Amino acid sequence: MADLGAIFSGVSRGSALTLHLYQIATESGPAADDLSRVAKSISNFSTAVKQVGTTIREDDSLPSAKAVEILNDLLGQYNMIMSEVELLLETASANAPKSDDSHGPIEVYQPSTAKSQRMQYLQAHLDTLKATVSVMQQTFYTAQAIIWGKLRPAISPQQADTAVTNEKAQLEALIIEQQMTLLSATHLYQPSRPDARLLMDRDSSMSVVARGDNTTQPADLHPYQNRFLTILDTTESKKHEWLPAVCGSAKSHVERLLDKWTRLRQFHEKISDEERHLEDQKRYTQQPSVESDGEEEIILGLGINDSRLLTPTPRRPSSIQPLFASPRSSVNSLASTDPTDYSPVSPRTSIASLPVEAAAAVEAKNQDDGLDLEIPWTLRTREYYWKCIDGKVKDSNTNLPSSSAFSDRNSWTEILASWVCAEAIQEARYSFKQGKQERQDGRRTKLETCFCIEQPLTFDQIQRLVERTVDIYRKNKPPTPEPSSRRTSFDRQPARHIKRDSVDRDRTPLASQHPPPPPLHRSTTAYNPQLPPPPPRTLDRTHSMPPGGPAFPTLGIPPQNASSHLHVSGPGSPYTNPQPFGAANVPANVNPYFAQPPSTLHPYPAPILPPQNPQMLDTRRSSYSFAMPQSPLRNSHSHLSSYSPRNSQGRHDYYSSASTTSDSDNAARSRSKSK
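The sequence shown: position 403 = 403 (full-length UniProt numbering), numbered continuously.
Please note that the accuracy of each hint is not assured.
Unchecked claim - DSSO-like mimics (lysine-lysine), calculated; alpha carbons at most 27 Å apart, straight line:
id : residue 1 : residue 2
1  : 251       : 238
2  : 239       : 40
3  : 436       : 387
4  : 282       : 66
5  : 40        : 150
6  : 115       : 168
7  : 270       : 282
8  : 260       : 168
9  : 392       : 436
10 : 394       : 433
11 : 387       : 270
12 : 446       : 387
13 : 436       : 270
14 : 50        : 168
15 : 239       : 150
16 : 475       : 394
17 : 168       : 282
18 : 40        : 282
19 : 66        : 260
None of these hints come from the bench; they were simulated from the model.
These figures come from a predicted structure and were not determined experimentally.
Using the sequences provided together with the hints, build the complete structure.
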């Protein structure tokens with residue numbers, strides 16, 4: 001690592017010397033130009049080396065060991081030049097007069113020709129050092145652009161390539177400027193040494209000049225020169241002859257500096273190793289699994305993409321839904337076929353992705369406050385990871401604290417779906433992605449669903465997510481159904497009763513259909529014109545007799561004397577049912593369903609038998625004769641019915657409600673019998 005203390009101390013010394021040179025130049029007359037140029041060169045170098053020191057302090061992983069070595073050498077030459085400048089100022093102003101000023105005496109610089117030429121070379125040498133430091137700074141900028149283009153996913157490849165191209169173009173321009181400055185300093189060094197003599201001179205003892213400890217020369221600049229430019233002759237050629245060679249080799253010199261002064265090679269090797277590891281890991285996970293019990297492993301074995309796993313699939317309803325919804329049902333109830341559709345868990349999600357571990361941990365903590373939740377979660381950056389359980393770090397690949405992840409812009413948090421659900425993360429307004437994570441299960445490697453939250457979280461934030469997940473899980477969990485008791489045959493309703501409930505009583509039945517009998521809780525003998533007529537019954541007398549009514553003795557009529565008199569309707573007239581009896585007058589010991597006479601249970605009247613026992617007939621008439629309102633339709637069919645004169649009296653006595661005589665005839669007959 002570079003010595004930052006030496007960098008900033010050299011900057012402070014250069015700033016003080018610059019001010020001193022400007023003060024001397026104010027009283028030096030013609031020599032002021034040389035002093036001003038040297039002061040400017042010192043100030044420019046101080047500014048450039050300060051920028052490099054700031055860059056290294058922010059990120060010390062960019063410069064290589066060679067760059068640090070070169071930077072220390074540049075600082076050493078810079079200090080040597082400042083010491084030589086101070087020495088020239090002292091010797092040049094020793095014999096010169098001093099002017100008085102309010103701030104004290106000011107030295108007057110009056111150098112000789114040789115010292116003036118030496119001052120010019122020192123200025124050129126400083127300019128070369130400053131250009132070299134600028135090239136190093138731009139090399140670091142170019143390396144940062146390359147690294148950011150590889151690591152930042154938000155930058156498109158086109159934008160990254162454009163940024164790197166711009167940085168390299170600027171670096172190439174600075175290299176051309178630095179090489180031209182270096183050649184100029186070498187060319188200027190020759191006339192600045194007038195005391196140097198050749199070996200063929202008379203005084204050969206003066207031909208070799210020893211280098212002083214505090215002097216600089218072009219040999220100190222050779223490590224920074226392009227190796228393709230060392231063959232150029234700088235003694236006789238001019239600047240316009242150097243330019244083609246410098247521009248032709250500048251582009252290749254860019255790549256050499258990036259490889260020599262930065263750690264891009266190590267960075268590319270690390271990226272290649274990570275990509276190779278991911279490729280091997282992907283190839284391993286794509287191999288078929290021998291023992292796969294989970295649903296997710298079966299899906300991966302079939303080669304189905306993750307995007308299809310997230311696509312909702314229609315569920316088959318458990319039963320046939322009604323065609324029309326009831327008035328109490330809403331539109332939302334029609335759109336869903338199963339209450340579990342509102343659950344946050346997908347129907348295809350296996351039990352491994354449900355937050356069962358979080359629910360169990362919270363339940364255990366509620367029972368015992370001394371227990372920990374033991375939530376596994378991971379903080380990650382591009383290079384490091386911290387695997388934590390609750391608030392403690394259990395595993396990491398670095399010695400840095402986990403808090404360093406919060407200062408990295410490319411850090412994220414990983415947690416399994418068995419602890420946190422997507423709804424809780426969305427409520428917290430965190431950006432996240434869903435993926436798979438390997439987990440060792442004995443000798444097998446299982447893939448479990450996990451969420452990658454795109455920012456570092458603390459344990460308190462993780463704990464709130466887990467608690468919210470448990471609340472959502474308990475809220476959406478379907479209630480446990482109660483065990484249904486098996487119904488016996490005595491509790492079951494008859495099929496005819498269930499079918500009769502679905503019939504609309506207010507709807508007029510069709511003639512081709514036989515409506516079901518009315519329910520038992522309504523009277524079947526009450527006169528209600530809205531009710532449909534009873535269905536036809538068979539002529540079997542056992543079905544028409546009431547179970548609890550009076551018994552009818554056998555009348556002993558021979559079969560040949562029994563005649564059937566049927567009530568036949570006239571042509572073109574509708575069939576008229578007999579008038580039902582009132583339900584209010586039914587005896588208590590008579591079943592209301594069979595309380596009506598046999599004539600009301602048959603579409604035609606039963607055969608009329610001659611009365612042989614008047615007492616029995618009177619008893620039967622007293623039991624089954626009821627005062628009913630007379631229907632206006634009774635007299636309309638009196639001329640269509642034919643009766644036997646012999647049996648007319650018995651007929652009218654037995655079927656009082658279906659009689660075709662008038663009320664006055666019934667009254668007269670009753671008076672004659674009472675006599």
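Between the alpha carbons of residue 282 and residue 66, is the straight-line distance 27 Å or under?
violated (38 Å)
Residue 40 and residue 282: Cα distance at most 27 Å?
Violated - the C-alpha atoms of residue 282 and residue 40 are around 60 Å apart, more than 27 Å.
Given the hinted pair residue 260 and residue 168, is their alpha-carbon gap at most 27 Å?
holds (15 Å)
Is the Cα-Cα distance between residue 392 and residue 436 27 Å or less?
holds (24 Å)
For the pair we were handed, residue 251 and residue 238, check the Cα-Cα distance against 27 Å.
holds (22 Å)
Would the pair residue 436 and residue 387 pass a check requiring their Cα atoms to be no farther apart than 27 Å?
Status holds; Cα separation ~16 Å.
Between residue 168 and residue 282, is the straight-line Cα distance small enough, at 27 Å or below?
violated (36 Å)
Residue 66 and residue 260 were given as a pair; does the straight-line alpha-carbon distance stay at or below 27 Å?
Holds. Residue 66 to residue 260 sits at ~7 Å (cutoff 27 Å).
Distance restraint between residue 115 and residue 168, which requires alpha-carbon spacing of 27 Å or less:
This hinted pair is violated, its Cα atoms lying about 40 Å apart.
Within a Cα-Cα threshold of 27 Å, do residue 50 and residue 168 meet the stated pairing?
Within the cut-off at roughly 22 Å; holds.
CA of residue 475 to CA of residue 394, is that 27 Å or under?
With Cα atoms ~33 Å apart, residue 475 and residue 394 exceed 27 Å; violated.
Proposed proximity, residue 270 with residue 436 (alpha carbon, max 27 Å)
The given pair, whose Cα atoms are some 24 Å apart, holds under the 27 Å limit.
Hints 4, 5, 6, 15, 16, 17, 18, counting from the list given before, are not met by this structure.
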